[in-house]
Amino acid sequence: MGDAVSRQEAGPRLIDWRASVSGGVLIALALVVAFLLDTPWDSVSTFRISRPRDVWAVGNLTVPSQWFNVAASVLLAFLGTRLFLKGGGRWTAVALGIGLVVLAMAFLVWATAGKAISLTGMLQATVVRAVPIALAALGGILCERVGVINIAIEGMLLAGAFAGAMFGSLMGGWAGIICAMITGGVFGLLLAALVITYRVDQIIAGVVINLFVLGLTSYVSSQVFAEYRWLNKASPFRSFKIPVLGDIPLIGPVLFNQNLFVYGALILVTLSTYYLFHTRHGLRARAVGEHPRAADTLGIDVIKTRYAHVIVAGMVAGFGGAWFTLGSVGRFDENMTFGRGFIGLAAMIFGRWHPLGALAAALIFGFADSLQQKLSILNTPIPSEFLSMAPYIATIVVVAGLVGQARPPAAIGKPYVKE
Amino acid sequence: MDIELRGISKRFGPVQANQDINLEIRAGEVLGLLGENGAGKSTLMNILSGLYSADTGEILIDGSPAIFTGPGDSIANGIGMVHQHFMLVPVFSVVENVILGVEPTSGVDYLDLEAARAQVQEINTRYGMEVPTDALIEDLPVGIQQRVEILKVLFRSADVLILDEPTAVLTPQEVEEFFTIVRALRDAGKGIVFITHKLHEILEIADRVSVLRQGQIVGQGDPASFSEADLAEMMVGRPVSFSVGRAESTSGDTVLELAGVSLFDAAQDARLVDINLSVHGGEVVGIAGVQGNGQTELVEAITGLSAVTTGEIGFAGQDITRASVRQRHRMGVAHIPEDRHKSGMVGNFTVAENMVLNSYYDESVTSGVQIDWRRVHARAAAACLSYDVRTPSVFLGAGSLSGGNQQKMVVARELERDVRLIVASQPTRGVDVGSIEYIHRQLIACRDRGNAVLIISSELDEILDLSDRIYVMFEGRIAATFDNRGGGADRNAIGLAMAGVSQGTNPGAGRSGNRGSAA
Chain A
1 MGDAVSRQEA GPRLIDWRAS VSGGVLIALA LVVAFLLDTP WDSVSTFRIS
51 RPRDVWAVGN LTVPSQWFNV AASVLLAFLG TRLFLKGGGR WTAVALGIGL
101 VVLAMAFLVW ATAGKAISLT GMLQATVVRA VPIALAALGG ILCERVGVIN
151 IAIEGMLLAG AFAGAMFGSL MGGWAGIICA MITGGVFGLL LAALVITYRV
201 DQIIAGVVIN LFVLGLTSYV SSQVFAEYRW LNKASPFRSF KIPVLGDIPL
251 IGPVLFNQNL FVYGALILVT LSTYYLFHTR HGLRARAVGE HPRAADTLGI
301 DVIKTRYAHV IVAGMVAGFG GAWFTLGSVG RFDENMTFGR GFIGLAAMIF
351 GRWHPLGALA AALIFGFADS LQQKLSILNT PIPSEFLSMA PYIATIVVVA
401 GLVGQARPPA AIGKPYVKE
Chain B
420 MDIELRGISK RFGPVQANQD INLEIRAGEV LGLLGENGAG KSTLMNILSG
470 LYSADTGEIL IDGSPAIFTG PGDSIANGIG MVHQHFMLVP VFSVVENVIL
520 GVEPTSGVDY LDLEAARAQV QEINTRYGME VPTDALIEDL PVGIQQRVEI
570 LKVLFRSADV LILDEPTAVL TPQEVEEFFT IVRALRDAGK GIVFITHKLH
620 EILEIADRVS VLRQGQIVGQ GDPASFSEAD LAEMMVGRPV SFSVGRAEST
670 SGDTVLELAG VSLFDAAQDA RLVDINLSVH GGEVVGIAGV QGNGQTELVE
720 AITGLSAVTT GEIGFAGQDI TRASVRQRHR MGVAHIPEDR HKSGMVGNFT
770 VAENMVLNSY YDESVTSGVQ IDWRRVHARA AAACLSYDVR TPSVFLGAGS
820 LSGGNQQKMV VARELERDVR LIVASQPTRG VDVGSIEYIH RQLIACRDRG
870 NAVLIISSEL DEILDLSDRI YVMFEGRIAA TFDNRGGGAD RNAIGLAMAG
920 VSQGTNPGAG RSGNRGSAA
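Protein sequence lines correspond, in order, to chains A and B. The working numbering numbers the first residue of the first sequence as 1 and each following residue consecutively. The working numbering numbers the first residue of the second sequence as 420 and each following residue consecutively.
Wrong hints could be hidden among the right ones.
As the list claims (entries may be wrong) - With a straight-line cut-off of 25 angstroms between C-alpha atoms, the simulated BS3-like cross-links for lysine-lysine are:
1) A:K414 - B:K761
2) A:K241 - A:K374
3) B:K761 - A:K418
4) A:K115 - A:K374
5) A:K374 - A:K304
6) A:K304 - A:K418
Said to hold, decoys possible - Example chain A residues on the side facing chain B (calculated, C-beta under 8 angstroms, incomplete):
7) K233
8) S235
9) R238
10) S239
11) P243
12) T279
13) L283
14) T297
15) L298
Read the hints as simulated data drawn from the structure, not as lab findings. Here a beta-carbon is modelled for each residue, glycine too, at the ideal position from N, C-alpha and C.
Only chain A is shown next, with the shape it has when bound in the complex (with noise of 0.2 angstroms):
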């Protein structure tokens, strides 16, 4: 008798289901670029990189529209194939995320056959579009690492974007930023007396949250804004260039000449980044969210702490409304968010629980949300509808978990009672 059965001997049942879902799908994907995707052999792709004003200017970029969609569709098969036949264990995702970058890129390809873009303008519009994202991804963080669940992210996020019109209409923008934020710490303060006090259920305590602002601000706005339109017009805050750096071709448009959100959405990513992972109260807020009765042996307020983060996160959220009014148009309508915060916190758990992770996760949305803009003007064939689900069926495939497994931390849901 055999004293050890290696994997490979005992395994003919075994299926690297997660490798072959995925190598399916690349293949299948490799079709649909092979043989949908189709464009004349002299047809040319053009995106344009340096805008007429800039300093220095750089050459445009130009495709071979369907020898590129070719090459595209061979590298789509073989990362499918491979994945197929030998399973790719930790290289799954990997081999996913390079397959859907390439046929996001053929799929530009062909939709830019014999015009032009501006790649410029559409990274840029990429990362404004990631800035609520990647905020509300920010709030789901801070709140999950201490073991807090917040599906009212949404709501925060349009209460938000409400108290900013207001305010920032009557007082200023900035006072707006100050108000929105105010806001929605005052209702991360109820949800953590809801879910941390009295021990409702954090998806329930969420989802009243939402439902609450979300008549709130509706009927505010249908009632009171439609007569004094003043309340509702405020002046959004414009961007400005960071001198030299925003000069810098295709980097410094996306990055350097932005306005506050953008930079106030990366500062925070880099504060949050260093001090979870870097500092002694962000260890022991992690410590909270995977084991509060540990951390409640050595000395930490497990209450205090997941009331600090759940109110600071409510803050953030709220920073991150603002964007919708006062970033934008200056002007609140009825449900303005459309489930950004839900797309945030699905960045969250395809960034796991990261905020670096996430910010990537949100420009990712970013990028699917400014494709369907971009393709809408660019009058292709496919109905814009159907580009506009195109970031939430991105969500449905990321949080289904076929990008790998995410470990949420371990006492996520769960009230802390003290025995």
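Based on the hints, put chain B in the right spot on chain A.
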């Protein structure tokens, strides 16, 4: 540092957990605190560690009274507690766990992991603990995790260490290493409280012993002046016989046979590897091993709760590899689950409802689509009487019974039917000594009726007491098999096999390969 507890009392609702307890803890001494589960040991130590506050009584530290309002106060007073259930964050590294709450910092709240690592390493080497400081807790074996807990209290410069049931999760060899560390700590002048219900450990390590029963101190003194029987009698309150009078077994036909069974979990990790074992009618087979070495998966494979990846399971001559849980159940497989709260009973259901959980669909208690509650209640009442389940009524919520009675209820439900194979997983965990004796006798009686009994336990004594043959599991494999007819198995060899070091060295027994044949 010396600590004195004076007149400590604590009550939880109707339960008097501690009553007028006086205890002295001295520097450079190991105090053994002996008592059954539920005797009030943990309550007492939680009072000393500041987690609970006493209703009456006081704590004197070096003669002056101290008041604890939270765990922080006892730590500040140099008292460190090592909990039975480890208080470690699994995804943190050893250093992060050790420093949590008293982190060295520099600059603006910056976590100085370099300084922390150096300090932890220093303590680590001083007491010879050999803990890898940068490993994640979840990657470490329990024996090492326990040392991390000790590092934690030492890092807080504790002078008194409370060790709550520290050996429950260790192999006999790990216990030896652990005792070496305890002695090193004692010789360094630390006061140590060693809580346990294992008598031989008290005799081996303690300098003084106090025995706790029903919340009161019922005896204390020098362990050398007591025999094991004396201590047991003090602990239980009546004379106890340790071994179940077990007659020679009469091995019959093969009832259960596993051939080349392997099981992989969702993450494709091997949980069971090439398991070959058999259980015959009229014999008790014990599975020894440290918790988490595949025992749970083995039970799930046999009872049908998990599908095996490869291999075959035979039951009384039939292939049941693909049979459902219900099918196996009806063929005569009884299962006493390892955790009665999680999968053995429903706490909010009454005793009668719990008793019918495995047969509610059976014609004997149904008429048409309805359950005939009269018959259910009558049957439950009869079973309670014949299996010594002490409950005022079968209409009482099962959650309000004592652990022993809950377990006897589960045993009654499983054994009452016509069964051929009993799979008993940790059948006496968290149960009082009286109920342990009773359950053991029931299992042996089952064997004597010609049934096959498979016992899975992390208590080696239980395995040695009951089993005719013993398999030792290590990392999902059968590491060794032993013949224990007439109690002949070598305790030390089993211990080594449990630690995974005995490959091929156990005397008088075959290796994992010889399927089926009694070793």
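Can you name, in rising order, the numbers of the hints this structure does not satisfy?
-> Violated hints (numbers, rising): 5, 7, 8, 9, 10, 11; every other hint is consistent with the structure.
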